Structure formats: structure tokens, C-alpha cells
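Undergrad: Kindly generate the complete structure, drawing on both the sequences and the hints.
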Amino acid sequence: MHEAPILVIDDDLAIRDTVSEILVFEGYHVVTAANGADGLRFAEQSWPALILLDMRMPIMDGWAFTHALRARGATPPIVVMTAAQDARRWAQEIGATGYLAKPFELHDLLDVVARLYGI
Amino acid sequence: VLDDRVKTSAQLLDEVRSLRQRVQELEAELGHQAALASKDVRQHEIDNAQLYQEAREQRARLAITLASIGDAVIATDSQGRVTFMNPVAEALTGWPREQAQGLALATVFQIMNEQTRQPIESPIARVLREGVVVGLANRTILVARDGAERPIDDTGAPIRDERGELIGVVLVFRDITDRRRAEAALYESEERARTLAEAIPQITWMLAPDGTMLYLNQRWSEYTSLPQGQHWLDAVHSDDRALVLTTRTTAIQTSAPYELSVRLRRADGVYRWHLVRVIPVRDAGRILAWIGTATDIHDLKQAEEAQRFLAEASSALNESLDYETTLAQVTRLAVPRIADWCAVNVVAEDGTIRLLALAHADPAVEQRLRDLSVRYPLDSDAAVGAPKVLRSGEPEFYPTVSDSFWILDVHDDEHVRWLRALQATSYICVPLLARQQRLGAITFTFTQPGRRYDTADLALARELASRAATAIDNARLYREAQEAVRLRDQFLSIASHELKTPLTTLLGNAQLLQRRARREGDFKERHLHTIDVIADQASRLNKMIAALLDISRIETGHLSIERAPVDLSALAQRVVEEVRPTLDQHTIKYVALNQPLVVEGDELRLEQVLQNLIGNAIKYSPQGGPVVVRVARRDAMACVDVIDQGIGIPATALPQLFRRFYRAANVDAQHISGMGVGLYVVKEIVALHGGKVTVASQEGEGSTFSCCLPLQVTSFEC
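Here the protein sequences line up with chains A and B, keeping their order.
95 is the number that the working numbering gives to position 112 of the first sequence; each next residue is one higher, with no gaps.
72 is the number that the working numbering gives to position 5 of the second sequence; each next residue is one higher, with no gaps.
Treat the hints as calculated values from the structure; they're not laboratory data.
These figures come from a predicted structure and were not determined experimentally.
Glycine is no exception: its CB is placed at the ideal position from the N, C-alpha and C atoms.
Be careful, since some hints might not be right.
[What the hints assert, rightly or not] One-sided excerpt, in silico: chain A residues whose CB lies under 10 angstroms from chain B:
(1) Ile(-2)
(2) Ile5
(3) Asp44
(4) Trp73
(5) Glu76
(6) Gly81
(7) Lys85
(8) Pro86
(9) Phe87
[Stated by the list, open to error] Computed Cβ-Cβ distance ranges for the label pairs, DEER-style:
(10) Glu76/A / Asp389/B: 35 to 41 angstroms
(11) Asp735/B / Gly10/A: 46 to 52 angstroms
(12) Ala47/A / Gln678/B: 35 to 41 angstroms
TA: Dropping the structure here:
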């Protein structure tokens, strides 16, 4: 059992649930948020080991979230998780450690999490 | 020459008379001298002898003179009897002097009227009676002794003695047979020339050497209807007058023929183009006159002009698909050549009629027309003009525009004033028709008096309208197609994007279920199978959506390549190793090269290319079989060949194989499904890398696809 949580931020409930289910099944502790603002509150409280971040969201998007997080001095690894074709470029833009282009295969998700969790 | 001879004879006659007078004077002097009782008789005798000698010499000289002159001379005494004949007179009358001497003149000199053949009174009788110089009536025939007839010219003059007494008559005449013949010939040729000048359809004229008009044929009056006495220049178009005059002046200075095109006003006020040619008539180098002709070349010129205009307009129309601009160009080409004012109105999407292009010979008027079109937009119910033409689909053609024409559709008094100020004289409006659609109308208007449309112009206008309509239609169709493509790409992009979220959930849950089942072992085998099917199909759906998205990206230019050094050998090997465990009917073999093949490229995209080519090799070998993946270096290229022994590709399909959505004919028979997307995406990705993908295949024997990419340029080559 991993203690530090993985924060999953995505405005789509089905995605949040699916990703959460997969990771929980693998023994990770997962917290979810529906937008950047909620995500930021969780991050401040729980210090996640890894953040899976959707980019286009209402209220606060991925860019604003990253900016705010960095402003608070937090530097957990971030994996951009988007359906947009610019996944790779956006990941570079915000200085993310990795990206997952939706739709992704389960093993892609597990690979990236395994690689980045706890570094 | 004839005149010169006549003059010479008259002079001779004078000379003869003066000589006679001199002789008489001398004789009188002699008598006078003799009568005088002189101081020295001897001296007198000597003087008399000298005077006598002198008189004799004068007589002899007179006789020689009379004998030498070219005209016939007959002298009579006061009774009309012949006293003298020179050799010419002998020859013409046929009477020797010796025989004629003393005979009555009427015997020797028989004359009659040429037409009536009646004898004419001897001129001698009149001279004797009236004592004056008389000329014979014209058309006199001299009948010689042998009956030969000759036309003659003749003069008779009295001979008087020193006291003025009439002592005889001298008759001078000449044979004018040659002159008469020449006159007849001249008359005939002049007559012929005049008949010709009146017979030809051209306007013909003759100018004096200095350019003064001497003669204009009947055709001129018929064409121009200019009143007698009005200067011919009035019928020349005012713009052409200067040219006519300067050309004529230059020609007179250089004595050179000239040719020019001018507009001549017809009786009805229409100016028509004429080809004018003027040539000098010379006699021994001196210009006697200028002869000019004007040939009506209006229709020819107009047809040529029309063809040239159509050609230019067509090339303008074909130049671009921006028909607003090309039609503006066409109206510019039309003015002033085929119109003083040209406008194109089109039917907008909302059905209103909108002015698209406008040109007027006068820029100020053009601006006013633009303002008018805004102020008084065309009413689609208007009784004349573009709206009517658009309603009927038929041209409107008014060779002559009457004042009332304009007031049919006016909005207010000011509008009427504006329209009248435009001074339209002739007008054509033709519809723009394409594929049974009425796209708009083109209006051609003449505002200069003397320019008038005819049926040839109407035909030209229709032809132009047809080409313009096709251009508009094509441009609109192209725009619609472009818009459709844009919408399709947009739809594809949004649709695929929107599909991704549920697909992610579907795929994630299916694979989670698979994983859970394998790990916890509490699923029945057939449930496991069901879960596998769901997961597989979700994966397949994922790949298809990814391919569609790639197409959309390629079409919109959004497929981007992120370059980094990639070892193509290693990549090919990895892809082969990943594929191998999934095969059961096929074998796959990797043929390596003992050196890295580094290219600058996007590893993910190149992996996609190799996966696709290998996937195809397997897919199109439905009976199973070997697949070989071979890497090779060819010149400065790194190549991967994917070789199969499958169904192959028909020769006819090879050139189109890499086209979007294309599928070879033999795949349907084999029931191999696909979207025709893979190879297109492969080609585009390889092209973005600066490489090339090629295929060699024999139907039924298999295919070899080669993907070659430029090797990375390294500073140290092994």
C-alpha cells in the first residue's frame, strides 16, 4: 500500500472513476478533483506523490493549476492526461514529467504511474 | 503637246501676216523713195537696189517659212482662188500646188460636218464677206481629192494690203486624226474611271496635289447624307480628325501613299470604322492628284475586337477563383472597348440583387454610379434592367434608348435627374446563367452618341455572360466544396475528440476487468472471453479513431513531427519483437544490419509507420506465411523493407495505393476490411520526414513496401 496519494484531476466523472478504480486496484491511494481549483485545495492538504492532470477544465484549467501549484512551492511529478492532439506539446509547456493521450491503454497508465510514483 | 502646236501655228500665222505687211511696207517705201527727187540719183539707185534685194530676201524667207510649218496653209486672192499652198496643204487635200493654183478654194478644200455629212460653207466666204478671222466649227471633215476623209482644225484670216483693202484669205488647218483618237481614248478612259468610281461599294474621292477635294463619289453622299457644300471633315469622328489631317499633310510633304482607320458618321448618326487608303497619281514623277478610297471595315474590326476582348476576359476569368476581383477586371476590359459603362449585378444568398462590379469611362461618373447603387438599390420587381432580365432569364436589348426608358423604375425626381444625366444611348443586359441558375446580369451601356449596339454585340454580350457565369459558378462551387471540406475536417476533429473520453472509460474498464479476472480468478471462462472481446474491440475502435484523427490533422496541416535522433534499426527490431507474440499463422523475421541507422525523426510516428506496414503485411496474407522486415542503408537513406507473400496488389491499383480512402480492387474479394487510411497516413508521415515510401508488388505473389528516410548527418562517419 502506497501512502502518499495520487491526485487525479479531470472534469469527466467517468474518467475520474475509471482511473481511480484502476489505480486503487493496483494498491495506490487516490484522490480525485473535478477541476484545477478543487485539485489545488486537495494538493495543499494531502501533498500528492503524483498528479494526473486533465488540461481543459472549467473553473481552473490545467495551466492555471500548474502555475498556482508551482507558486506554492510544490513540485510533485505531473502527468498530462488529455484527449487533445497537443498532449505532448502541452506537457512540455507546463513542464510536466509525462503525458497520456486519451484514450490510453491500461498498461500505458500503469507504466507511467509506476515510473513516476515517488520520485 | 497639241496645245503647243496650236499656239505655234497661230504664231506662225501672225508671223506670216507681219512679214507680208513688212513686204508691203518695204514696197511702199521703195515707191516712196523712187518718187522722191533725191540729191543723188545714183545713191538712190544703190539704195533702191538694196531695198529690192532686201524685199526679195524677205519674200524668199516667207516662202520657206510657209513651206516649213507643220500646219497646212492655203492662200487665196480676193476672189477665193488659190494662190498658194504649202506641202502640208498639198498632202492633206491631195492637190499639187501647180494644179490647184487658180482653182476655186471650194474645189481644193472640200469640207463637211462630221455628224451630218453636209457640206460646210467655206470659211473663206465668211472671211471675205465679214473681213474677220474665223474658226471652223468643230467636227469638220476634210475630203481629199482621192476621197479620203480627215478631221481637221482650221482658221481663216483676211489678207489686206497696205491700204487695208482685202486682197485675199489665208487658211491654216491641220489633221487632227491623232488628237481626235487620243481625245476619244481619254474620254473613254475618264468615263470608265468615273463609272468605276460610282460602281464600287467604297467611298472614293480625288484630291488636288495640295489636298483640296476635287471629287467625291455618289456613295459618299449616300453614306453620310451630308448636304452639298458641307465639308467632308464633318463626317469624320472628332477624335479622328487630327489624325486624318496630320497624315494627309505628311503624305503631301513626302508624296507617299497612306492608310489609316477612321470612324465615319453614317446618315443615322452611327460612326462606323473605315479603312482609308490614299495614293498619289503621278505623271513623270509629278503628283497630278491623290485618289482615296474608304472601305467599311466596321464589322470586321468589331469582330476582331470582340474576339480579342473575349480572349482577354476569359483569361482574366480563369486567372483566379476570386470572381469578385476577376469580374471587376472584366468590366474594366469592357470599357471603353465594348461599352462606356459596364456593370455586373449578382443575386446574393438572401435573394437581393447586389452590384458586384462596375466600370465607367469617366471615374467621376463611376463613383456617382456606385453611390446611386447604394442609395437606390435595385428592386427585384423593377420593369427594366437586371431585375427584369433575372426574372425572365432573357436578354434585354435596346439599340436606341429613349428617355422614357429610365423613368419606368425611378424612386424619385432626383433619381430621374441622375439617370438622365448619364445619357445612355444604347443598352444591352444579359443574364448570367449557369446550370439553370440565374446568377446575375451584366449590363453594357453606351453613353456616347454615335455608338450603338447591334445584334453582333448582343451575341458577344451573351458569350461573355456565359463565360462569366461559368466562372462565378465554378468559384462558388469551389468555395462550397472548400467549406464542406473544412466542415468535414472540423466535424472529424470534434467527433473523434468527443469519442475519446467515453472510449478511454470503456477501454480502461474493460482492461481493468480483464486484469481483475486474471488476478482474482473468480470469473468463468466464457465471461473472460466476453471481457476479452470487449477489450479487443475497444482497442480496435481506438486505433480507428486515431487513424481518422491523423487524417484530419494531415488535412488541416496539424500533423506535427517532433524531431530527435532515432535508430531505425533498433526501432524496427523492437516493433518486430512486439508483434511476434501476437502471431499464430504467420512468422516474422528481422534481418538486421550491423550498424545503427540514425535518422532525425519522431519516434512515435515512425513506430506508427512500421506498425502499419507490418500490420498490412500480416493482414494481406490471409493464408498466413512469412513476413520479413529488413533494414538497409541505400546511399544516404535508411530503409526498412517489409516483405510479404500475400495477395499482392493489382498493377492498376499501384499508382493510387497511397491515396486517401483508396482500397485496391482485390481486397473486397478476399473480404479484408479496412478504411483506406493507413497507407495514406504512412505516406504523409514519411513525407514530413523528408523520406519516401514505395511499393513493388505482383498480384497473388506478395508485396514489398520500402520506407526510406534521410540518414542523420553526423560529424563522425564509421
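Undergrad: If a hint holds in the structure, say so; if it does not, say that too.
TA: Taking the hints in turn, this is what the structure says about them:
1. Ile(-2): Since the shortest Cβ distance to chain B is 6 angstroms, the answer is holds.
2. Ile5: Holds: closest Cβ of chain B sits about 5 angstroms from Ile5/A, inside 10 angstroms.
3. Asp44: violated (16 angstroms)
4. Trp73: violated (13 angstroms)
5. Glu76: violated (13 angstroms)
6. Gly81: The hint is violated - Gly81/A has no Cβ within 10 angstroms of chain B, the shortest such distance being about 13 angstroms.
7. Lys85: holds (4 angstroms)
8. Pro86: Nearest chain B Cβ about 4 angstroms off; hint holds.
9. Phe87: holds (7 angstroms)
10. Glu76/A / Asp389/B: 35 to 41 angstroms: holds (38 angstroms)
11. Asp735/B / Gly10/A: 46 to 52 angstroms: Since the Cβ atoms of Asp735/B and Gly10/A sit about 50 angstroms apart, the hinted range of 46 to 52 angstroms holds.
12. Ala47/A / Gln678/B: 35 to 41 angstroms: holds (37 angstroms)
Of the numbered hints stated above, those contradicted by the structure are hints 3, 4, 5, 6, listed in ascending order.
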